[in-house]
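**Student:** Chain by chain, the residues run as shown.
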Amino acid sequence: MKTATEYLWFNTQKQREFINITDKVEEMVRNSGIAEGFVLVSAMHITAGVYVNDAESGLIADIEEWLEQLAPCRADYRHHRTGESNGDAHLKSMLVHHEVIVPITGGSLDLGPWQQVYYAEFDGQRDKRVILKALGQ
Amino acid sequence: MKTATEYLWFNTQKQREFINITDKVEEMVRNSGIAEGFVLVSAMHITAGVYVNDAESGLIADIEEWLEQLAPCRADYRHHRTGESNGDAHLKSMLVHHEVIVPITGGSLDLGPWQQVYYAEFDGQRDKRVILKALGQ
Amino acid sequence: MKTATEYLWFNTQKQREFINITDKVEEMVRNSGIAEGFVLVSAMHITAGVYVNDAESGLIADIEEWLEQLAPCRADYRHHRTGESNGDAHLKSMLVHHEVIVPITGGSLDLGPWQQVYYAEFDGQRDKRVILKALGQ
Numbered sequence: 001m002k003t004a005t006e007y008l009w010f011n012t013q014k015q016r017e018f019i020n021i022t023d024k025v026e027e028m029v030r031n032s033g034i035a036e037g038f039v040l041v042s043a044m045h046i047t048a049g050v051y052v053n054d055a056e057s058g059l060i061a062d063i064e065e066w067l068e069q070l071a072p073c074r075a076d077y078r079h080h081r082t083g084e085s086n087g088d089a090h091l092k093s094m095l096v097h098h099e100v101i102v103p104i105t106g107g108s109l110d111l112g113p114w115q116q117v118y119y120a121e122f123d124g125q126r127d128k129r130v131i132l133k134a135l136g137q
Numbered sequence: 001m002k003t004a005t006e007y008l009w010f011n012t013q014k015q016r017e018f019i020n021i022t023d024k025v026e027e028m029v030r031n032s033g034i035a036e037g038f039v040l041v042s043a044m045h046i047t048a049g050v051y052v053n054d055a056e057s058g059l060i061a062d063i064e065e066w067l068e069q070l071a072p073c074r075a076d077y078r079h080h081r082t083g084e085s086n087g088d089a090h091l092k093s094m095l096v097h098h099e100v101i102v103p104i105t106g107g108s109l110d111l112g113p114w115q116q117v118y119y120a121e122f123d124g125q126r127d128k129r130v131i132l133k134a135l136g137q
Numbered sequence: 001m002k003t004a005t006e007y008l009w010f011n012t013q014k015q016r017e018f019i020n021i022t023d024k025v026e027e028m029v030r031n032s033g034i035a036e037g038f039v040l041v042s043a044m045h046i047t048a049g050v051y052v053n054d055a056e057s058g059l060i061a062d063i064e065e066w067l068e069q070l071a072p073c074r075a076d077y078r079h080h081r082t083g084e085s086n087g088d089a090h091l092k093s094m095l096v097h098h099e100v101i102v103p104i105t106g107g108s109l110d111l112g113p114w115q116q117v118y119y120a121e122f123d124g125q126r127d128k129r130v131i132l133k134a135l136g137q
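Protein chains in written order, with my numbering: chain A, 1 to 137; chain B, 1 to 137; chain C, 1 to 137.
Chain A extracted, bound-state conformation (with noise of 0.2 Å):
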């Protein structure tokens, strides 16, 4: 048995970005010497998601709108009482979810013809991390 871990360092230009990673993670795989198993993207921070979906800007813009209206920008969120102003962040991080399993089947990731893995910034210019950590054989 195998494991390997990296971490993925981001601070985004601006609050809110999509960033494919699949690249990373692709050779972090292969870095791994790993044939066989799962690698997990995982966000390590609560304003932020790992999703696996299509690398095509409309859609990614159609995303975002669809996050705002169901998890909106709003002065009036409670956690704003600590001086955060970011309660939207938080919920949009809960819509997405903070990872993603990816299968890795012959030293590659295992993924269908148009899988992306996106990391999403909900909450960013600041340092922000993702881990990676594969297992198998």
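Treat the hints with caution; some may be incorrect.
For chains that are exact copies, the list does not tell them apart, and a pair is met inside one copy or across any two.
[Said to hold, decoys possible] No more than 20 Å apart at the CA atoms, straight line, and that leaves these computed lysine to aspartate or glutamate pairs for EDC-like: (1) Lys128 - Asp110; (2) Lys2 - Glu26; (3) Lys2 - Glu65; (4) Lys2 - Asp110; (5) Lys2 - Glu36; (6) Lys128 - Asp23; (7) Lys128 - Asp76; (8) Lys2 - Asp76; (9) Lys24 - Glu65; (10) Lys2 - Glu68; (11) Lys2 - Asp127; (12) Lys14 - Glu64.
No lab work stands behind these hints, which were simulated from the structure alone.
Given chain A, work out where chains B and C should sit, using these hints.
**Tutor:** Just chains B and C now, kept in the frame of chain A:
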């Protein structure tokens, strides 16, 4: 350590269907000879989901209606400028999430009394795949 | 390769509760002797969830209110024709998701600075279980 991989194929008659795949996952795990571990059940397409909930037809109709409310079929998604018409199916897939991990204990799926594994098709009538990947000992 | 399994039992006083179980997961991982791997934390019931986010009481109240807006308590769910009255709890469970995978590094949960593991009960006052299953070396 053992791993096992299988792919389930679907080509649903309707555009949207909810299919109970618990027995197929259970059978795959039994064939793998893995007594303790995890099995990943993950849609390989970005307009389908996999979730765990109840095998009750009323609830499934409630889920379908609820998903349509939160991620409605609309003509004006930006994604449709690519020629697609399935923007809502992408959003429904994100809401449901595309994968689950089921624990394996004593050679069987370690599910609670009402937990069933469902494949949720949101853009069917075409070939779609789900990967089952088990890892353990 | 090592695996370890434990079950947490809950019987909440209120119908809805959010319970921080991070310490219990951490303790289970320490007892497992696993240094590198994954721990699955998964509700075994279809009216409860498990998520990772902040241990801040204002945010938790925001989350509860937000879930009620997106998956409201209603009399007319089709699921209620079975005699149940917890349709909303199923939908809330789907929204939050019923499980997370937490990475284990150096024998501890490899969580970010604010990440805490929560059990979210949406239909309590009865016996419920969560499975903790760790796998690694």
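**Student:** Taking the hints in turn, state whether each one holds.
**Tutor:** Structure-based check of all given hints:
1. Lys128 - Asp110: between (27 Å within a copy, 14 Å between copies)
2. Lys2 - Glu26: Result: close within a single copy only, 16 Å intra versus 22 Å inter.
3. Lys2 - Glu65: neither (41 Å within a copy, 43 Å between copies)
4. Lys2 - Asp110: both (18 Å within a copy, 18 Å between copies)
5. Lys2 - Glu36: both (10 Å within a copy, 9 Å between copies)
6. Lys128 - Asp23: within (19 Å within a copy, 24 Å between copies)
7. Lys128 - Asp76: Neither: 25 Å inside a copy, 34 Å across copies.
8. Lys2 - Asp76: Neither: 47 Å inside a chain and 47 Å across chains, both beyond 20 Å.
9. Lys24 - Glu65: neither (27 Å within a copy, 37 Å between copies)
10. Lys2 - Glu68: Classified as neither: same-chain Cα gap 40 Å, cross-chain 43 Å, threshold 20 Å.
11. Lys2 - Asp127: Classified as neither; 29 Å inside a copy, 34 Å across copies.
12. Lys14 - Glu64: within (13 Å within a copy, 29 Å between copies)
Of the numbered hints stated above, those contradicted by the structure are hints 3, 7, 8, 9, 10 and 11, listed in ascending order.
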